[in-house]
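Engineer: Take these sequences, add in the hints, and give me the full structure.
Mapping of the sequence shown onto my numbering: residues 43 to 172, in sequence order.
Since the hints were made in silico from the structure, they are not lab data.
This one's a predicted model, so the numbers in the text were calculated from it and none came from an experiment.
The C-beta atom is built at its ideal place from N, Cα and C for all residues, glycine as well.
In the EDC-like style, the derived pairs of lysine to aspartate or glutamate whose C-alpha atoms are separated by at most 20 Å in a straight line are:
1) Lys120 x Asp166
2) Lys120 x Asp91
3) Lys63 x Glu152
4) Lys120 x Asp165
5) Lys63 x Glu112
Here are the simulated distance ranges between beta carbons:
6) Ala72 x Ser111: 19 to 25 Å
7) Ala68 x Ala129: 26 to 32 Å
8) Gly126 x Met157: 20 to 26 Å
9) Met105 x Ala154: 16 to 22 Å
10) Gln116 x Met92: 14 to 20 Å
11) Ala141 x Met105: 20 to 26 Å
12) Pro53 x Gly124: 37 to 43 Å
13) Glu130 x Gln95: 17 to 23 Å
14) Glu152 x Ala79: 23 to 29 Å
15) Tyr113 x Ala68: 15 to 21 Å
16) Gly149 x Gly89: 33 to 39 Å
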Amino acid sequence: MTKHRSATLQPQSLYERIGGKAALTAVVDAFYARVLADGLLAPLFAGTDMRQQRAHQVAFLAMALGGPSEYRGQGMRKAHAGRGITAEHFGRVAGHLQATLAWANVGAAESAQIMAAAASLQDDVVGAPR
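Structural biologist: The following block contains the structure:
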């Protein structure tokens, strides 16, 4: 009698589907190149250690996309409080994110999930009242 092993396949996380840490690091680098080239957004990062910011963003996104949970930063509202970020700023950042995902050939379904996750953070990033 042959025993059949029931192999349960775990669905890949969004983090794995986009290529893991290497792909995420490339996307974050390209994303910040776009953001820092934007005259409206660049001043928001004046005095920011961008090497540290990029690493911090990779860790946050990895966690948010179902990858390793190495993010040790503040919550979105606290991290962005007092920075003067407006809905216009947020929209431009979202546009740069979407363009970067397209540049990186991230699939349409994955891009839509990432953009929906980003959109859900808007109120905390711009400090909208709860």
